[in-house]
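Visitor: Here's the letter readout for the chains.
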Amino acid sequence: GAGVSQTPSNKVTEKGKYVELRCDPISGHTALYWYRQSLGQGPEFLIYFQGTGAADDSGLPNDRFFAVRPEGSVSTLKIQRTERGDSAVYLCASSLVQGGAGELFFGEGSRLTVL
Amino acid sequence: DAKTTQPTSMDCAEGRAANLPCNHSTISGNEYVYWYRQIHSQGPQYIIHGLKNNETNEMASLIITEDRKSSTLILPHATLRDTAVYYCIVSGTGNQFYFGTGTSLTVIP
Numbered sequence: 001g002a003g004v005s006q007t008p009s010n011k012v013t014e015k016g017k018y019v020e021l022r023c024d025p026i027s028g029h030t031a032l033y034w035y036r037q038s039l040g041q042g043p044e045f046l047i048y049f050q051g052t053g054a055a056d057d058s059g060l061p062n063d064r065f066f067a068v069r070p071e072g073s074v075s076t077l078k079i080q081r082t083e084r085g086d087s088a089v090y091l092c093a094s095s096l097v098q099g100g101a102g103e104l105f106f107g108e109g110s111r112l113t114v115l
Numbered sequence: 001d002a003k004t005t006q007p008t009s010m011d012c013a014e015g016r017a018a019n020l021p022c023n024h025s026t027i028s029g030n031e032y033v034y035w036y037r038q039i040h041s042q043g044p045q046y047i048i049h050g051l052k053n054n055e056t057n058e059m060a061s062l063i064i065t066e067d068r069k070s071s072t073l074i075l076p077h078a079t080l081r082d083t084a085v086y087y088c089i090v091s092g093t094g095n096q097f098y099f100g101t102g103t104s105l106t107v108i109p
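Top line first, the protein sequences correspond to chains A and B. FYI, my numbering numbers position 17 of the first sequence as 17, with every residue one higher than the one before it. FYI, my numbering numbers position 39 of the second sequence as 39, with every residue one higher than the one before it.
So here's chain B without its partners, still in its complex pose:
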């Protein structure tokens, strides 16, 4: 699986957009970009995934660059409950999900 690189930690003011970057320069053509988050003492929770096109759902938006070597997860209006560790994972059919250490996002009141 392609390795991903994420910042260790980020802060975001409550109500503002949180933009979490991820680099995946060795991603293969059939690999998707997945985002999960883990709130303290809970199991990871799926947020969103995409292949080439930008995606949006009720939780977040995913922006993937044209060359697919990086992506950004956007939480449009961060709340205190969005404080969590966010994992960017690339995975394709038949492959497993390998989590890195993620980005610890702290939403500040």
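Isolated chain A, as found in the complex:
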């Protein structure tokens, strides 16, 4: 498809486990964003990539969270030693505009449930 694709759409895991969430941005989009959304809240910024590098990772809550984008396209959000409080919908967005704000195209999200 032509939109942002996120997998898995749903992930249930146990406390303490490791989780990877994948994002396939729109082809040609150089900017990629990860957000986290808890029930009843707006999306919370986590990290922003410009190309392969993380231009702003100030939103990552702690060192259990890490994201990569090795070839400047697909990105993986990695969560170590998951906690129940990590349960949320993780949203990925991509943008064509380089080095700045522009229209963001969001995926449908990956719903993570930590038991």
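Treat the hints with care, since some could be wrong.
[Stated by the list, open to error] Which residues of chain A face chain B? A few of them, derived with a C-beta cut under 7 Å, are: (1) Gly42; (2) Phe45; (3) Tyr48; (4) Leu91; (5) Phe106; (6) Gly107.
If you're looking for bench data, these hints aren't it; they were derived computationally from the structure. Bear in mind that the values here come from a model prediction, so they are computed numbers and not experimental data. Even glycine gets a Cβ: it sits at the ideal position worked out from N, Cα and C.
We have chain A; now place chain B onto it with these hints.
Guide: Then chain B, alone, in the frame of chain A:
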């Protein structure tokens, strides 16, 4: 990024115009006003954005005050499918998009 203030919720009768306000009194000169909406269980969807001038597209109109400290998103003829949470965001080049809690709009038949 400039903080935005929006009402928590609003109702609108189907077929009428929905006017959603947003205050952004600390907006900087290079920051745009963006509007997104999120329908239940979907990712946010871009609606419109503007800098100084009023803007209109096939979805909505954006009215920005002359001092740029507030704006209004207008859905000219609201339908039931417009029921969603609407987010007003201000962001400039090199900055990120920070979402608040938005306005939950309910379109009533």
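Visitor: Hold the hint about Gly42 of chain A up to the distance rule: shortest CB distance to chain B must be less than 7 Å.
Guide: holds, 4 Å
Visitor: Given Phe45 of chain A was flagged as interface, is its beta-carbon under 7 Å from a beta-carbon of chain B?
Guide: holds, 5 Å
Visitor: Measuring from the C-beta of Tyr48 of chain A to each C-beta in chain B, is the shortest one below 7 Å?
Guide: Holds. Min distance 6 Å.
Visitor: Using 7 Å as the Cβ threshold, decide whether Gly107 of chain A counts as touching chain B.
Guide: Cβ of Gly107 of chain A sits 5 Å from chain B, so the hint holds.
Visitor: Given a cut of 7 Å on the nearest C-beta pair, is the interface hint for Leu91 of chain A held or broken against chain B?
Guide: Check passed: Cβ of Leu91 of chain A comes within 6 Å of chain B, closer than 7 Å.
Visitor: Answer holds if the nearest beta-carbon of chain B is closer than 7 Å to that of Phe106 of chain A; otherwise answer violated.
Guide: Status holds, d = 3 Å.
Figure legend: structure checked against the earlier numbered hints; every hint is met.
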